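Peer 1: Here are the chains, one letter per residue:
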Amino acid sequence: MLTIIVRSILIYLIVLFVFRLMGKRQLGQMQPFELVLTLIIADLATIPMAEVSVPVLHGIAPLLTLVLLHFILTLISRNSQKFSKIISGKPVIIINPKGIDYTAMKKLNLSTDDLFAALRECGYFNIFEIQYAIMETNGKVSVMPKTQFAPVTNGDLKKKIENNYIPIILVSEGKIIKENAELAGLSNNEILQIIQKNSTKKTTKLKDVLLFTIDQVGKAFLQLKYQEGKSFQTKRLVKQ
Amino acid sequence: MKIFHYINFLIMFLLLIGICVLEDFLVSKSLSDIQNRCYKIEKVLERKENLKNMEIILTIDNLEYTWLNYESEMCYMVNHKSIQEIGEEIARLKLYIPSNDINSFKVSLQVIKSYCHSYLHFMGANFHNIL
Numbered sequence: 068m069l070t071i072i073v074r075s076i077l078i079y080l081i082v083l084f085v086f087r088l089m090g091k092r093q094l095g096q097m098q099p100f101e102l103v104l105t106l107i108i109a110d111l112a113t114i115p116m117a118e119v120s121v122p123v124l125h126g127i128a129p130l131l132t133l134v135l136l137h138f139i140l141t142l143i144s145r146n147s148q149k150f151s152k153i154i155s156g157k158p159v160i161i162i163n164p165k166g167i168d169y170t171a172m173k174k175l176n177l178s179t180d181d182l183f184a185a186l187r188e189c190g191y192f193n194i195f196e197i198q199y200a201i202m203e204t205n206g207k208v209s210v211m212p213k214t215q216f217a218p219v220t221n222g223d224l225k226k227k228i229e230n231n232y233i234p235i236i237l238v239s240e241g242k243i244i245k246e247n248a249e250l251a252g253l254s255n256n257e258i259l260q261i262i263q264k265n266s267t268k269k270t271t272k273l274k275d276v277l278l279f280t281i282d283q284v285g286k287a288f289l290q291l292k293y294q295e296g297k298s299f300q301t302k303r304l305v306k307q
Numbered sequence: 061m062k063i064f065h066y067i068n069f070l071i072m073f074l075l076l077i078g079i080c081v082l083e084d085f086l087v088s089k090s091l092s093d094i095q096n097r098c099y100k101i102e103k104v105l106e107r108k109e110n111l112k113n114m115e116i117i118l119t120i121d122n123l124e125y126t127w128l129n130y131e132s133e134m135c136y137m138v139n140h141k142s143i144q145e146i147g148e149e150i151a152r153l154k155l156y157i158p159s160n161d162i163n164s165f166k167v168s169l170q171v172i173k174s175y176c177h178s179y180l181h182f183m184g185a186n187f188h189n190i191l
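Chains R and S, in that order, are what the protein sequence lines are.
Position 225 (the first sequence) corresponds to 292 in this note's numbering; numbering is contiguous.
Position 27 (the second sequence) corresponds to 87 in this note's numbering; numbering is contiguous.
No lab work stands behind these hints, which were simulated from the structure alone.
Model, not experiment: these values are computed from the prediction.
For each residue, glycine too, the CB sits at the ideal point set by N, CA and C.
Derived lysine-lysine pairs resembling DSBU-like cross-links, with alpha carbons at most 35 Å apart:
#	chain 1	residue 1	chain 2	residue 2
1	S	K62	R	K245
2	R	K297	R	K225
3	R	K207	R	K157
4	R	K297	R	K245
5	R	K149	S	K62
6	S	K62	R	K152
7	R	K225	R	K207
8	S	K141	S	K112
9	R	K213	R	K149
10	S	K166	S	K108
11	S	K62	R	K207
12	R	K242	S	K62
13	R	K272	R	K242
14	R	K242	R	K297
15	S	K62	R	K157
16	S	K154	S	K103
17	S	K108	S	K89
18	R	K245	R	K269
Short, incomplete list of chain R residues facing chain S, as computed with Cβ under 10 Å:
#	residue
19	L88
20	E118
21	F138
22	I139
Turn these sequences into a full structure, and let the hints steer you where they fit.
Peer 2: Here is the structure:
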């Protein structure tokens, strides 16, 4: 049993390493060849895990081979559009201003139910709201709505709105995140002072803080554990 | 970061080649040695018609010891179940000595040689195995 446990840990770590090497895209938007790879890896990993007579190398060697193959395929497809089209396909327009392109749908083996499900996922329930719908190579549908149904943006309203800044997390579950504190140009004492100044109790300690974020213009959010969160304005950050 | 990525893949590539070479070397060395030892035992048998003699006993002990060493090395590379028959046949060889069962002893030796021969083919890198 110990053998199986140790093997499982070892293979888990290797598969984790393999997926990290393949990059983040692997986890979200998978191309056909990446999907195939993921399926094979899942199957390969379980064989040496469950079968003690099979050496762990029998699992590792094919895994490494597949990662290498993936690396080579990615490298070639990045440099060659033709090759990329062969292994990943190309985006297909399934809805155009004239309506649904039935020929394209047949080629993609897509039913109208599938199409409507994908459109609903994009937030469009009526086909007449859509100017173009494109089936991407990763199987997702991108929609471009007709102008009259496109969501209104601040630009359309010609409103002058201050830019948004990404808030950085300074304290999370009682711990100061050092890199973020350095990025904000705040010392631990300064962070604690801001927290104490803006919390209900002046004796608030770091361990009582659930979340404390701040953005470049000094908009901050503080929530203590088991309490409601509150937003407030503090000094503008020097660095970010 | 990109260089680190390339180095990673280079290491993996070299590792795979290393594993393949090592496996091929280990399998061919072990199985050929066991096969040769079986031929030697057959020659000893031609000279001495009795199994109950020190030379045979020592040679078989030696064969068993060598095989156990090879087996433990090969277990890193080869499915253990695929090679266990050789160990079983060697254990049988030892059983035939007290009863002086020469015929069964010879059959077991043949079986070991045959296993070694077929495993050499089955585990080696060749076109048949790839397909």
